[in-house]
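Engineer: Chains as they are written, first to last, in my numbering: chain A, 34 to 162; chain B, 34 to 162.
None of these hints come from the bench; they were simulated from the model.
Among these hints, one or two may not hold up.
Identical copies carry no separate label here, and so any pair may be met within one copy or between two of them.
Below, computed lysine-lysine pairings styled on DSBU-like, alpha-carbon distance capped at 30 angstroms [said to hold, decoys possible]:
| hint | residue 1 | residue 2 |
| --- | --- | --- |
| 1 | K78 | K95 |
| 2 | K66 | K160 |
| 3 | K66 | K95 |
| 4 | K95 | K148 |
| 5 | K66 | K148 |
What you are looking at is a predicted structure, and each value in this text was computed from that prediction instead of being measured.
As a plain string of letters, each chain reads:
Number of protein chains: 2
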Amino acid sequence: MMRLSEERAREVAEKLNYRWPDGTVVAVVQEYKSGRVLMVASMNKEAVIKTLTTGIVHYWSKSRKELWVKGATSGHIQVLERFYHDCDSDSVLLVVRQASLMACHEGYHSCFHYKVEEDGIEVEEPKYQ
Amino acid sequence: MMRLSEERAREVAEKLNYRWPDGTVVAVVQEYKSGRVLMVASMNKEAVIKTLTTGIVHYWSKSRKELWVKGATSGHIQVLERFYHDCDSDSVLLVVRQASLMACHEGYHSCFHYKVEEDGIEVEEPKYQ
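The shape of chain A in the complex, shown without the other chains (with noise of 0.2 angstroms):
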């Protein structure tokens, strides 16, 4: 588990670029073990700061407007391993342990479990190679 203290993260937090939609960053996330993408989610400075202090991932969610802990309700949590954001700091890369095999609510292992194909979507977990 990757955590810092309450005032590195707040100065990390600080240098992000809040730029989209209600002052958030672009975050994906990242497997540890597989490398496999799970998801895309938003965080604002509170989330960054939680997130680096606890260990724990923590997101904004646009619509409820509301923070929340990922797996708060299923213990499906994640717990943060690396942190990095973009050359423009306005995206962040965590890579995570997912304390289960379920990240999506939909029972999959990844959101981006659609696969286009030419002849229709195939629902496969993501891999890269």
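Once you have looked at the hints, place chain B on chain A.
Structural biologist: For chain B alone, kept in the frame of chain A given last:
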């Protein structure tokens, strides 16, 4: 390279939910060989259709308000291998072959080369494991 017919590409593009600014979906770009997350960008409907019909990744530039081909000037194009969308159809995952070691204009393989640490930022290419 993955390519779809014009008809099928339009069908896919019609189904996505362009609920991000400028009528876009968020595109997460992952490298085929390494699984490395290279960048996040935006795609409007036209960028989705162009990408799916040509196999060459196109994005929408929100700052320049125009369609652009990644690598059009540098030659570092991205060739589409797989195309996924997520459970609420507002984000896509592009698995690509990157025709150069540099996806980032700062001269790195990935835009996510800023790793947050307790004692500062380490500049290194992201890894998941």
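Engineer: Given identical chains, is K78 near K95, meaning Cα to Cα at most 30 angstroms, within a copy, between copies, both, or neither?
Structural biologist: So K78 and K95 pass the 30 angstroms test inside a copy (13 angstroms) and across (22 angstroms) alike.
Engineer: Quick one: K66 to K148, C-alpha cut-off 30 angstroms, is that within a copy, between copies, both, or neither?
Structural biologist: Both: 22 angstroms inside a copy, 18 angstroms across copies.
Engineer: Between K95 and K148, at a C-alpha cutoff of 30 angstroms, which is it: within one copy, between copies, both, or neither?
Structural biologist: both (26 angstroms within a copy, 26 angstroms between copies)
Engineer: At most 30 angstroms between C-alpha atoms: does K66 with K95 qualify within a copy, between copies, both, or neither?
Structural biologist: Close inside one copy (29 angstroms), not across copies (34 angstroms); limit 30 angstroms.
Engineer: Which holds for K66 with K160 at a C-alpha limit of 30 angstroms: within a copy, between copies, both or neither?
Structural biologist: The answer is both: 13 angstroms in one copy and 11 angstroms across copies each meet 30 angstroms.
Going through the hint list in order, the structure satisfies each hint without exception.
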